[in-house]
Amino acid sequence: MNELVLTLGWLGIYAPMALGAAASAVGCSIAGMASIGAMTETDGGYGRFVGVSAFPSTMVIYGIVIMFTLNREVTPENAGGLFGIGILSGIALMYCGIWQGRACAAAINATKEKPEIFGLALAPAAIIEGFGVFAFVFALVISAGIS
Amino acid sequence: MSDQDAYIALISSLPGSERLFVAKQPPLSRLRLDRRLKALTPEDAKVLKVMEHALNWSAYDMDVTDAQAVLRCKQALAEIPQPSLRRLFLERMDLRTVVAALRLRGQGGNPLSGAYGFGRWSRHIPANWGDPDFRLSTAMPWIKEARQLLEAEDPLGLERLLLSVSHKQLKRHAARHLFDFEAVAIYVLIWNIFDRWSQSNAQNAAARFEKLAQQAMSNVADFDFERVSA
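As you go down the protein sequences, you meet chains F and B in turn. Each step along the first sequence adds one to the number in our numbering, with nothing skipped, and position 131 is 131. Each step along the second sequence adds one to the number in our numbering, with nothing skipped, and position 99 is 1099.
Among the hints, erroneous ones may be present.
[Stated by the list, open to error] Below, a sample of chain F positions facing chain B; criterion: calculated Cβ distance under 7 Å: (1) Ile30; (2) Met33; (3) Ala34; (4) Gly37; (5) Ala38; (6) Thr40; (7) Glu41; (8) Asn109; (9) Glu113; (10) Ile117; (11) Ala121.
Quick caveat, the hints were computed from the structure, so don't treat them as lab data. No residue lacks a Cβ here, since even glycine has one placed at the ideal position from N, Cα and C.
Build the full structure now, drawing on both the sequences and the hints.
Here's what the structure looks like:
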């Protein structure tokens, strides 16, 4: 039984990093595909498209920081806490990254037609980033209570 | 429902459908559109081809019968698995059924049996044949204007009204699809409307040119060339 609990603890430590990496990969690929498509249709502003498609890469950074914060000796007493915080923050980061990629793709698709709305079109992606930051910051706050 | 991220690059590489109607020059030719559509999977390409084949009037022979047209629509519907596209297809068929019924009644005809055309109004229309708008003015607010244009013998005005109604239907469905196959199919159908719209403008211009040319030629015919040469 203890082995299973310890395994869950280790899973919790690595989950934010793994799920954050998956989120960034999927999000960046979604936004990247949109920027490639937009480049074939427009005559300029390519740098902006590529920059926007890199937005979801922040999720893996948050995941790495959470992983280092949770990283400690895993005991049967703290394994449950590590698992809960790690898995849930990882899932939150994963959803934020994937949907941020979709928001960035929509922004790229819109700004290729109307470059003047570039800033406003990024607002949804920025709001999703804010939710990712919530998951990140409160994972750090809660993890301070785990021995 | 299709993969919602299936065609991100394809959709992003197409000019916005709104731009099709405001541009002086077509921003996307059929040749370029077909080149971009090569990114579709064979299954999706087949569905799109079936839809276009059933919806484009140019794919029908001039002497096609009602039964043949209805059969083609039924066969097409059986090959469209996406619920949104099926709804869209049925809405377009409803529109065509109503317009065909208006034309038939305008020519003094009657529906041959208890059902007419294709779709959910096929029995409702014969049952309300005597009503000017087939009791559909609530479900189809444009029907009154369509009837008036038919009565005024304004085919171009009617064509534009129907294209405008179809365009609105497509835009309504497009709002629910961003980067999936449905979005691509709706874009192509909007492109077809744009193409028909631009052709109707060209046909209008050609008809006007013909009329002006005939007027000019009639003046020339009245001219006495022999007196001038003398």
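Here is how each hint holds up against the structure:
Using the Cβ-Cβ criterion of 7 Å, the hint placing isoleucine 30 (chain F) at the interface with chain B is satisfied: the shortest such distance is roughly 6 Å. Against a cut-off of 7 Å between C-beta atoms, the interface hint on methionine 33 (chain F) holds, since the closest Cβ of chain B lies about 4 Å away. About 4 Å separates the beta-carbon of alanine 34 (chain F) from the nearest beta-carbon of chain B, less than 7 Å, and the hint is met. Evaluation of the glycine 37 (chain F) hint against chain B yields a held restraint, the C-beta minimum of about 3 Å falling below 7 Å.
Annotation: alanine 38 (chain F) was flagged as interfacial toward chain B, and the flag holds, the nearest CB pair being 5 Å apart, inside 7 Å. Interface hint at threonine 40 (chain F): satisfied, since its Cβ lies 4 Å from the closest Cβ of chain B, which is below the 7 Å cut-off. This hint holds: glutamate 41 (chain F) has a C-beta 5 Å from the nearest C-beta of chain B, less than the 7 Å allowed. A least Cβ separation of about 5 Å between asparagine 109 (chain F) and chain B falls short of the 7 Å threshold, and the interface hint therefore holds.
Using the Cβ-Cβ criterion of 7 Å, the hint placing glutamate 113 (chain F) at the interface with chain B is satisfied: the shortest such distance is roughly 4 Å. At its closest, the beta carbon of isoleucine 117 (chain F) sits 12 Å from a beta carbon of chain B; the interface hint therefore is violated under the 7 Å criterion. Of the supplied interface hints, the one on alanine 121 (chain F) is violated, with its beta-carbon coming no nearer than about 13 Å to a beta-carbon of chain B, more than 7 Å.
Violated hints, in rising order: 10, 11; the structure is consistent with all others.
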